[in-house]
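A.B. asks: Each chain, written out:
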Amino acid sequence: DTAVSQTPKYLVTQMGNDKSIKCEQNLGHDTMYWYKQDSKKFLKIMFSYNNKELIINETVPNRFSPKSPDKAHLNLHINSLELGDSAVYFCASSQDGTGGQETQYFGPGTRLLVL
Amino acid sequence: KNEVEQSPQNLTAQEGEFITINCSYSVGISALHWLQQHPGGGIVSLFMLSSGKKKHGRLIATINIQEKHSSLHITASHPRDSAVYICAALLDKLIFGTGTRLQVFP
Chain A
4 DTAVSQTPKY LVTQMGNDKS IKCEQNLGHD TMYWYKQDSK KFLKIMFSYN NKELIINETV
64 PNRFSPKSPD KAHLNLHINS LELGDSAVYF CASSQDGTGG QETQYFGPGT RLLVL
Chain B
5 KNEVEQSPQN LTAQEGEFIT INCSYSVGIS ALHWLQQHPG GGIVSLFMLS SGKKKHGRLI
65 ATINIQEKHS SLHITASHPR DSAVYICAAL LDKLIFGTGT RLQVFP
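Sequences listed follow chains A and B, in order.
Residue numbering for the first sequence follows our numbering, starting at 4 and increasing by one per position.
Residue numbering for the second sequence follows our numbering, starting at 5 and increasing by one per position.
Worth flagging that the hints you see were computed from the coordinates, not collected in a lab.
Please note that a few of the clues may not be correct.
[What the hints assert, rightly or not] Pairwise CB distance ranges, derived in the manner of DEER restraints:
no. : chain 1 : residue 1 : chain 2 : residue 2 : range
1   : B       : Q70       : A       : P11       : 18 to 26 angstroms
2   : B       : R62       : A       : N29       : 24 to 32 angstroms
3   : B       : P83       : A       : D33       : 34 to 42 angstroms
[Claimed, not checked] Covered, in the sense of this in silico footprint (three residues per stretch, anywhere, with C-beta under 8 angstroms from a C-beta of chain A), are these stretches of chain B:
no. : segment
4   : 74-85
5   : 94-107
Virtual Cβ for every residue (Gly too), placed ideally from N, Cα, C.
Model the full structure from these sequences, guided by the hints.
C.D. replies: Structure representation (structure tokens):
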């Protein structure tokens with residue numbers, strides 16, 4: 004059973020399009036995260052949600068909007084995609100609500116390529 | 005300058021060698037994570053520690069809070085240990101190091 008799943012695994016799209024990446028965890032965790040890994044493999048947090056409420060919102064463009072319909076899901080919607088959005092996006096979850104005091108479980112990543 | 009620095013950036017080893025990867029951070033933290041990113045891209049959490057030392061199989065992680073330094077050791081390295089190892093320091097959020105790419109040759 005996959006603990007943290009993301010769909011799609013690969014996403015190729017044109018500039019200006021709107022796309023969504025879905026994330027689901029079946030671990031019963033309270034906190035979920037979105038991370039971006041750039042072309043240099045550098046990871047950076049984008050958002051953190053605890054029990055459907057936004058905890059961390061890093062300086063990302065407001066074209067990125069996370070949505071948490073329930074605590075098992077944290078989807079990432081991106082409007083007006085730009086070339087610089089090309090990256091690998093990782094979803095993760097953890098039991099705690101403090102954003103890092105416990106082990107985080109990562110999804111397999113979504114490779115986004117904007118043409 | 006990144007608040008979390010790792011060294012070396014790249015590391016090659018022969019199977020069986022003892023490996024050490026270092027992580028230094030410039031601010032006070034409450035915890036530090038070590039992650040492993042496989043060649044296929046998947047990320048696995050190895051350790052989360054706030055003091056002392058933790059061991060899991062051939063992997064050992066240590067942290068010295070006063071010196072703002074952590075190390076990840078791999079004993080009896082194996083080609084399957086080849087991966088990128090990332091440390092992440094917890095301030096108000098996780099701040100990631102730039103990663104150490106390890107290749108272990110048979």
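A.B. asks: Indicate, hint by hint, whether the structure satisfies it.
C.D. replies: Each hint tested on the structure:
For Q70 (chain B) and P11 (chain A), the Cβ-Cβ distance of about 46 angstroms falls outside the hinted range of 18 to 26 angstroms, so the restraint is violated. A C-beta distance of roughly 30 angstroms is found between R62 (chain B) and N29 (chain A), which places it inside the suggested range of 24 to 32 angstroms. A hinted range of 34 to 42 angstroms for the beta carbons of P83 (chain B) and D33 (chain A) is consistent with their spacing of about 38 angstroms. With 0 residues having a beta carbon nearer than 8 angstroms to a beta carbon of chain A, the segment 74-85 of chain B misses the requirement of three or more and the stated coverage is violated.
Only when three residues or more bring their CB closer than 8 angstroms to a CB of chain A does the claim for the segment 94-107 of chain B stand; here the count is 7, and the claim holds.
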